[in-house]
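Q: From first to last, the protein sequence lines are chains A and B. Take 9 as the starting number for the first sequence in the working numbering and just add one per residue. Take 10 as the starting number for the second sequence in the working numbering and just add one per residue.
Simulated from the structure, these hints should not be mistaken for lab results. Here a beta-carbon is modelled for each residue, glycine too, at the ideal position from N, C-alpha and C. Some hints could be false.
Chain A side only, calculated, beta carbon under 8 Å to chain B, not exhaustive [as the list claims (entries may be wrong)]:
| no. | residue |
| --- | --- |
| 1 | GLN227 |
| 2 | TYR258 |
| 3 | SER262 |
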Amino acid sequence: MKLINKISRYYLINAGIVFIVAFVGIYITLNWILTDEIDERLKIKNDEIIKRFYAGEIINNSPYVELLQIDSVFKSRGYITDTSIYLKSEKENEPFHQIISFLAKNGNNYKLTVRTSLIEKDDLFITLLVIFSITFAAFTLILFFINRKSAKEIFIPFYTDLEKLKNYSVKSGLPVNLTYSKIDEFNELNSVLNTLSEKAVHEYRALKEFSEDLSHELQTLVSVIKSKLELLLQNSDLDKVDINNLQTAYQNLSKLDNINRSLILLAKLENKDFFNSDEINLPDVILRISTNFSDIAESKRISIITKLNSEIRINSNLSLIETLINNLLSNSIKHNIENGTVEIILSGNSLLIQNTGELFKRNTNDIFNRFSGFKNKSDSIGLGLAIVKKICELYGFRIDYKYEKDFHKIFINFD
Amino acid sequence: MKLLIIEDEIDLAKSIVEFTAKENHIIEVVYNFKEAKEKINLQEYDCALVDLMLPDGSGLNIISELKKVQPKCGIIVISAKNSIDDKIDGLNLGADDYLTKPFHLAELNARIKSVIRRRFFEGSNIINVNEIQIETEKREVFVNKTKIELTHREYDILLFLISNSDKVLTKESIIEHAWGENSNAFGNLDFVYTHIKNLRKKITDAGGGDYIHSLYGVGYKFSLK
Numbered sequence: 009m010k011l012i013n014k015i016s017r018y019y020l021i022n023a024g025i026v027f028i029v030a031f032v033g034i035y036i037t038l039n040w041i042l043t044d045e046i047d048e049r050l051k052i053k054n055d056e057i058i059k060r061f062y063a064g065e066i067i068n069n070s071p072y073v074e075l076l077q078i079d080s081v082f083k084s085r086g087y088i089t090d091t092s093i094y095l096k097s098e099k100e101n102e103p104f105h106q107i108i109s110f111l112a113k114n115g116n117n118y119k120l121t122v123r124t125s126l127i128e129k130d131d132l133f134i135t136l137l138v139i140f141s142i143t144f145a146a147f148t149l150i151l152f153f154i155n156r157k158s159a160k161e162i163f164i165p166f167y168t169d170l171e172k173l174k175n176y177s178v179k180s181g182l183p184v185n186l187t188y189s190k191i192d193e194f195n196e197l198n199s200v201l202n203t204l205s206e207k208a209v210h211e212y213r214a215l216k217e218f219s220e221d222l223s224h225e226l227q228t229l230v231s232v233i234k235s236k237l238e239l240l241l242q243n244s245d246l247d248k249v250d251i252n253n254l255q256t257a258y259q260n261l262s263k264l265d266n267i268n269r270s271l272i273l274l275a276k277l278e279n280k281d282f283f284n285s286d287e288i289n290l291p292d293v294i295l296r297i298s299t300n301f302s303d304i305a306e307s308k309r310i311s312i313i314t315k316l317n318s319e320i321r322i323n324s325n326l327s328l329i330e331t332l333i334n335n336l337l338s339n340s341i342k343h344n345i346e347n348g349t350v351e352i353i354l355s356g357n358s359l360l361i362q363n364t365g366e367l368f369k370r371n372t373n374d375i376f377n378r379f380s381g382f383k384n385k386s387d388s389i390g391l392g393l394a395i396v397k398k399i400c401e402l403y404g405f406r407i408d409y410k411y412e413k414d415f416h417k418i419f420i421n422f423d
Numbered sequence: 010m011k012l013l014i015i016e017d018e019i020d021l022a023k024s025i026v027e028f029t030a031k032e033n034h035i036i037e038v039v040y041n042f043k044e045a046k047e048k049i050n051l052q053e054y055d056c057a058l059v060d061l062m063l064p065d066g067s068g069l070n071i072i073s074e075l076k077k078v079q080p081k082c083g084i085i086v087i088s089a090k091n092s093i094d095d096k097i098d099g100l101n102l103g104a105d106d107y108l109t110k111p112f113h114l115a116e117l118n119a120r121i122k123s124v125i126r127r128r129f130f131e132g133s134n135i136i137n138v139n140e141i142q143i144e145t146e147k148r149e150v151f152v153n154k155t156k157i158e159l160t161h162r163e164y165d166i167l168l169f170l171i172s173n174s175d176k177v178l179t180k181e182s183i184i185e186h187a188w189g190e191n192s193n194a195f196g197n198l199d200f201v202y203t204h205i206k207n208l209r210k211k212i213t214d215a216g217g218g219d220y221i222h223s224l225y226g227v228g229y230k231f232s233l234k
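Let's have the full structure, built from the sequences with the hints guiding it.
A: In structure tokens, the structure reads:
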């Protein structure tokens, strides 16, 4: 629920309660005043009729004035009582106030009842209810319009800022720049967020620099170790066991080197570092790389089939595109089966690389994540597809993976 | 040949010196930008290895300086920065070749030889090893004066082995040399064996000696002994 609606609802509920209480209070007060007024008038009317009675006038206007001759004499007390009388015109019992007086004239005794209807009180209730309902409806309507207007005025900067925050990334290296608002709460929030983003950017930069420095440092160390191992290999006194040990060390170092290089490239891609762009003839690149892989594939009895039916050229960095194709192709050869195939189909703006292979046990959705799968393959460092994905992201290519009819399929759309 | 190694990583510089020791080069090593500048203004070199990231300056400046004072000197850039831009900058300034750390010593050795061949033996780029003769310009190989037909890969492997004769070359380094940097991702590197086998057969079939030796599956060595 939106804040403004929440506040409105709160207002409306409370206003409703206030209206009801006010209605009851006003009704009771007015009712009392009105009854008092009616009784006052009843007394005056009663006095007047008594005067007219003694003057000789006979008034009988049922049910408002009733004069009855009676036998016994009562002392007239003249107070007001409640009663209810059936009215033909209304076809129901209606409330009345009455004064009963006992009078004596010419030796006869009379009972005089003067009444007044309280129907006016019902009218009061209805009138009051109508007035209150209209006021409450008007209040609600006005509140609604005020809310709409204030929502626009007050919340526009809030929503712009929200949009900014949604699109914000610490990778931009800049703190999130939120607009100044006239509302203190928003301003406070903005300043907190600004500080927070500055801190995040700072931390991110430090981390980035650290990992870059670390990778470069490692690269130097790896080169030294690699060169020393290669020198050791030249020693003719080594026996088979020594050489095997050396080889294992060397192979693992190569893997470390590969991981490190991949991480450096990933970091660059993530930082969206500047990469020189050229117009690249994609079929040429694919053909060159697939030819380069042909004898490796052959040694694993895997046939590479290329169907390049497009002359697509893309504006991007040659080295990155080579890496992209290289990683995809080497993956499709690595994760293949004996006598399998790799098909490279380029048509229009899209590339499909599919290869025979067993279904991965892992969730296919994370094949593009770092170190996500293929752990069972000792020759895989698990970063190839992560790099592919980052390159696609950099250039806005769409990439999808699907396993269908014993084929792993990777689609790339270069639009 | 006289080589200058400009490399701040002392251990790596030592490795390079040790690996190339039998090549009859005169090698001088400097570890920083200042010394490098002094050296190149004092003496002539045939080939210089320049690390781009020196503690007190950029190797790129040394390349331009070298180009000015010793235009004949071949230049190979070595850098830890796996940056494509650095590579382009270095080559634009006139470097002959570019190697990214960590590299194989054998690869560096082969590159040095290649640069020297191109710079100092123009027109007659012929390598003679006993009965084997390689014309590097035309990429042709002769055994006992008879031309043998080698595939692209076989030629690359042979030249790489001969450039590093008497050295054990790992399968990794051979693959990286012949197939390119990215081919090393394949854990199973046995496919190189097929190529070596064919190469040996072609040479011996033409009456050449069997000089390529396998070393317990770790790599290969070209040796006349």
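Q: Please go over all the hints and tell whether each is borne out by the structure.
A: Going down the list of hints, with the structure as the test:
1. GLN227: holds (5 Å)
2. TYR258: holds (6 Å)
3. SER262: holds (6 Å)
In this structure, every one of the numbered hints holds.
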